[in-house]
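Chemist: Listed below, chain by chain, are the residues.
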Amino acid sequence: MKQITLKLPVAIILIGFFAAVGCKPKGMQTAVQGDAAVKAYVAPGKYDEFYNFVSGGFSGQMSVYGLPSGRLFRVIPVFSVDPEKGYGYSEETKPMLNTSHGFVPWDDLHHPALSTKDGIHDGRWAFGNANNTPRIARLDLKTFRTVEIIEIPNSGGNHSSPFITENTEYVVAGTRFSVPMGDKVDVPIESYKENFRGTVSFISVDPNNGNMNIAFQLMLPGVNFDLARAGKGKSHGWFFFSCYNSEQANTLLEVNASQKDKDFIMAVNWKKAEEYVKSGKGTKKTVRYAHNVYNEETHMATSEIKTEVLVLDPKELPDMVYFMPCPKSPHGCDTDPTGEYIVGSGKLAAVIPVFSFTKIQAAIEQKNFDGEFEGIPVLKYDAVLHGEVQKPGLGPLHTEFDDKGNAYTSFFVSSEIVKWRVSDLTVLDRVPTYYSIGHLCVPGGPTKKPWGKYVIAYNKITKDRYLPTGPELTQSAQLYSIDGDKMKLLLDFPTIGEPHYAEAIPAELIKPNSTKIYKLEENKNPYAALGEKNARVERKGNEVHVYMTSIRSHFVPDNIEGVKVGDVVYFHVTNLEQDWDVPHGFAVKGANNAELLIMPGETQTLMWKPERVGVFPMYCTDFCSALHQEMQGYVRVSPAGSNVPLTFSTGAKKANPAQ
Amino acid sequence: MTVMENRFRWLIAALSLCLIAILFVPIWRIDLFAPQYPEGLVMKIWHNDLKGDIEIINGLNHYIGMRHISVEMFPEFVIIKFVLFGYILLGLAVAYFGYLRGLFWYIVMTIFGGIFTLYDFYRWGYEYGHNLAEDAAIKVPGMSYQPPVIGHKRLLNFDSYSMPDVGAWILIVVVTVFFGIYFYHLWKMKKSSV
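Sequence order for the protein chains is A and B. With this note's numbering, letter number 221 in the first sequence gets 566, and the count goes up by one each step, no holes. With this note's numbering, letter number 37 in the second sequence gets 291, and the count goes up by one each step, no holes.
It is worth saying that the hints were derived from the structure and are not from the lab. Yeah, the Cβ is synthetic: ideal placement off N, Cα and C, and Gly gets one too. Just so you know, nobody snuck in bad clues.
The following residues of chain B were derived to be distant from chain A, with all beta-carbon distances above 12 Å: (1) Glu259; (2) Leu271; (3) Ile284; (4) His301; (5) Leu346; (6) Leu354; (7) Val362; (8) Tyr380; (9) Gln400; (10) Lys407; (11) Asp413; (12) Lys444; (13) Ser446.
Cross-link-like lysine to aspartate or glutamate pairs, in silico, EDC-like; alpha carbons within 16 Å at most: (14) A:Lys673 to A:Glu733; (15) A:Lys391 to B:Glu293; (16) A:Lys736 to A:Asp769; (17) A:Lys864 to B:Asp307; (18) A:Lys864 to B:Glu309.
Given only the sequences and the hints, what does the whole structure look like? Please build it.
Modeler: Structure representation (structure tokens):
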């Protein structure tokens, strides 16, 4: 009897164990429909239908995938150095990462934004935000390169960025961290309410060349600005920003910033702001920020430190900024393709509130206010609400739209995408994601013209979806078809960094414009050697400039003597190829930075400080031809003060006429 | 001596003048395709110039020791213009005098000129394809790289195609019409003599 009683708990535990195993939802992880493979399959040599620009999160870069295949095409270095491409290591690209804090080799890119014209993708530029050291980058979609980075002054972190207006008039930057600004910055952290301020910057984009310029900043109460979307169509001229921490807490925000029932979505009438700017309102504040531009003709970046910014204060300049109450720490703040509806996603809310632009305008007109917050009017929640989506799921984050009047909202906590109809707020379908989706993307989803077809989930947790790779796993995205009534899982694909937001655009808007080579006759780099005849080595004090050329399969020069310890050697390498996909690389032994990867017709410079005597090999790192392995050379380094003459050659030796 | 119908004399004059167009279009083309060049490389031969992917072709051909193709390799480029003007003047003369026999000799001269040009092209191709540098990086025993005069030939990993471009087609059409005019008159003479 005793034995039986002892065995009983064991049996119960075992039953419980098997019950648990049996209860695990069957086939969830492999719940794909029969034709999923066909729908995501792009045959070898065939092209994908969409480019997918995916933020690299803490990698600081932006990655480019094809859809529906999920194949990775390129990782574009933006805010982090990339030794593979020499980005941030070559003399030409170092200024791109300059800031008011000096050279910053890393950042955290959360959101891409693709340029639009009349609210529709035009395929010209992609923008990306740096969350840590506040900046916005512009990428040229002809070359898939970062061509401009502007730092945001008066900001403690740039999260609600780089969302754009309908015609790419402005790209915005809202502070995730409010901070003390101006002359009085050495203040107790506890004095948050008194001294900390948030800002929202409107950065104008030149419609011809894309050049960015901080047009104005709005000085705002100290809260955390989270995400944003421009109005479009009827709401063009307005911009909406979600914000949390209206409690104005400065510590343990997970508790202290979750106290109030409602935080805010901020509505900004930027046309009104433009009027104020035009009539000379606002004050110029002294600041310091870097503006870095990459010139595609000289293949060189320049960095300029700017010292002034125009600030508008909505407390003094009315009719420009309003707050709308939004339940529980709103995160996503998305406008539908018509521009009428603004969807707020309270991270901790049980409903999704949808605001109506028409009602917002009426409420403003009738001054239907619910008091004010730090001197800025707060609109009545019920007066501006279109309605609430009931029981949508747990932890709504972001919403994208299709071309049929439907919205797709991601739910982090309940790990699913929920499809609902914007007009009557009815939930139509839900599909699980693996696991815990963050952002999601419908091609053209934030524009006036969604391209539809797919929704992609960018997940925060990977766990068992792929073969394990130790504690650090790949990041995970998932492709679903939205053609029919039901969303269908088609494909899992791994991503680099941590994917936050992403945009997708039809390949045809970008592919025909893609640059194949840089034309040598357009190469304006002052250190270019355009032709082997111009290859040479020159000494200027302790600087040695090597004007080097590379063509399949040799460098000119490939033998260099007369370099001394203590010299600073600059290898200015020009790739003389004018054929598609023939890059050359350049590396020299002991270089304390990285390699160069030089595209056809391009010139890039590697600095090298030889620290010991000897003969140092250099070679081409990119397999360029059948004789790639022969593409190499030597640099002889002599002791400081040695009188070995400066000579250089390739093939037959010739003396430097300058010597 | 048989004199051609007036309308055909006008046509001959007009077509002869049409030959001027050859100065403004490529005459011949060589296309090269390889697995790594699916989009193809092209060399277009004009009356006085070479256009297309010459530098890329040169870059590839240096491995097998071929000479760099350049305009200087073709002394013919200096005279082609004058030869063409000669043919145009002759054509106008044929139209002006209107003798059928004149057209006959003109056609013979054109065909001879065409054959000579192709032979000249062959000679250049032979020289270019056989005269290889001693220190070439890649030497394939017994291999030469003479491009086809016309049509297709496989050269290592490249499929090469040599064919007329717009200029040559203009010439071919003109000469074909001349043939037609000549045979039309022969046919008419035969019919009237029956």
